[in-house]
Amino acid sequence: MINQMTRQQILLRILLFVAAVSLIVYFLPRNDKNHYVYEVNRPWSYTLLTAPFDIPIHLDSVSAAQVMDSINTHFVPVYVRDIAAEKTLISDYTTRLNAATGLEITPAQKNQIIKAIRNVYDNGIVDRDTYQRIASGQLPTVRFVHDNVAMSMPTDNYLSAFRAYEHLDSVLRDRDVRAVRAALTATHLSDMLQPTITLDTVTTRRLLDEAYQKAMAPIGVIQQGERIITKGDIVTLRLATILDTYERMLDERGDARISQHHYPIAGQILYMVILFGALYGYLYFFRPEYFLDNRTVVFLMSLVTVFTLFAFAMQMAFSNGLMIAPFTMVPILVLVFLDSRTAYFTHLIQVLLSAIIATFQLEFIFLQFIAGVVAIDSLKDLARRSQLIRTAALIFLAYSLCYISVEVMQGGTLAKTEGRIYGCFGVNAILISFSYVLMFLLERVFGYTSRVTLVELADTNNPLLRELSEECPGTFNHSMAVSNLASTAAQAIGANVQMVRTGALYHDIGKIKNPAFFTENQHGVNPHDALDSTQSARVVTDHVRDGLVMAEKAKLPPKIREFIAEHHGAGKARYFYNTYCNAHPGEDVDPAPFTYPGPNPRSRETSLLMMADAVEAASRSMKEHSPEAITALVNKIIDGQIAEGLHNESPLSFRDVQAVKASFIQRLRTMYHSRISYPELKK
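Going from the sequence shown to my numbering is simple: count from 1 and add 40.
Do not rely on the hints blindly, as some may be mistaken.
Stated by the list, open to error - Under the rule of at most 30 Å between Cα atoms (straight-line distance), these lysine-lysine pairs were calculated in the DSSO-like manner:
(1) K254 / K271
(2) K593 / K676
(3) K701 / K722
(4) K553 / K593
(5) K701 / K420
(6) K595 / K420
(7) K612 / K676
Keep in mind the hints are simulated off the structure, nothing from the lab. Computed from a prediction, not measured in an experiment: that's the story for all the values here.
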């Protein structure tokens, strides 16, 4: 096959291979540190791990959180009291009170005010936040440290500055309340009341850290050489804490050993080369027509690479990103445009490429394998959008059942299944249902024609087919008959039935331009009677060119245009060619004016159309429709086309030709079977 490829084709495949491997390895999520990947309450997937050095055993995260909460609840903060500030504030206010003029209070009342203020400061004034904690019962006591000795003091009498002012206002009420209040206002007592008992943040943080360190001290030690965990053990919270300590100590020690799950760059490259090499090998040996087609190779390599990178991005963005990534979208798209076997193999390569970043690789491969099989089996013939919704629902069910089976097998109970996983499966199914949009885009980019598009084009309400039925009713009926005849033969040899059915409906649309020049549309008057054979041949053969112009204007897919161009191949308008030769005996006749523009059929589907077109047209002129006559007609026409070399470029085999003949004969016998005559009613 390499000999059939040009240098540019070989270079393109090498570049695609290198680009795919390079992109995936470059964007592959990796951790520079030597860490294991595991989940709590799930089995350990690596081999026996022993301690290379003494490892302290700390409390697990849940127990540590409980201890921390207990310390925070019962810890008594440390405060400091600024006695010098209290004396200064009281002295300043006394001076201010004595110096004030116009006050209508006695010296005894002044002394009473000073005494009340001193009493408030003796009880203690704290900041507003501290007072709120005291009022809510969160701070019944505080500590004061003096000469490294801590003393606890109740906070019952502590007031904030605002509450202290209210307290003074209430206790200084006497016979001349108005005069006292006027004195308090005039001397700005509220400005003098300031907190003198404040939080000692430095000492409090130090003592709290000491309490944390004491509580978080190791509760044991795993000695060097002692077993930490072995394959199959359930990773408990305690073991997870030990593993975290082990990895942290490895980082601190700068241990250069690589843990068993870590893939060096060379290993990653080799891994990708093997998988993409397997894909190339499959195409080369089992689908050579795909491997020779640049468009198909670019499509497959681009699809696999892009979806692998998308899976990497999902895993990095979400904790269960691989469960959300719609891996089954790859086999669905390949199935729609190519075939089921290629879809299955491509899906397998895609899953193995992404499994490199999965936490539990065996479970991941199992889930994705079953989901891919369900997607391929349920979409054997995608013809309606509703089938895609049904497939998405079946994939969700397959994911869920596989997940349940794995959890029950490993845990022995359904209690350990996580609801969020089913949510991930639901999002996955929703994304799969959007394959229809992606299918439309890929059709435009790569020039493919999906079965859905073929079904839509085969609708007789399509503007072009409706015009054909109105302008050329005979040609339309002929196209319908050829479509049924060719699709039956396509089913017999395993060709693309829907492609043949749709292509046959459009193969004669060029006759719309001159409908009366074709016998199936004539009603007694034959315009060819006024033309010579050369002119008639030109009009007849031009329906191929006219059809291609109309197809391009209607933006029909390239595959449908192939049916228009190849349904006569490079054959001759035999009627007019023979007529001209008979009218010019002995003359060396140039066949070019009588030859269709071609090319000859290059696919099994267009070959079937050429055979069905000729057989159906000839069968209409038969005077006798016996089985023998039908068999002779079919053999004569098909053998004549083969002898003329019209099917030399088609991949049809001799076995296919025999099956096609048998299919045509059976179909024509059914179409032209004899009918019984109805008896007349005797009166």
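Verification of the hints:
Only pairs whose Cα atoms come within 30 Å are accepted, and K254 paired with K271 is rejected, the gap being roughly 34 Å. As the CA atoms of K593 and K676 are separated by approximately 37 Å, the hinted pair breaks the 30 Å bound. Between K701 and K722 the CA atoms are separated by roughly 46 Å; this puts the pair beyond 30 Å, and the hint is violated. For the suggested pair K553 and K593, the alpha carbons sit about 14 Å apart, so the restraint of at most 30 Å is met.
A threshold of 30 Å between alpha carbons decides the hint, and for K701 with K420 the separation of about 27 Å falls inside it, so the pair holds. Our distance criterion of 30 Å between C-alpha atoms is met by K595 and K420, whose separation comes to about 27 Å. At roughly 16 Å between alpha-carbon atoms, K612 and K676 fall within 30 Å of each other, so this suggested pair holds.
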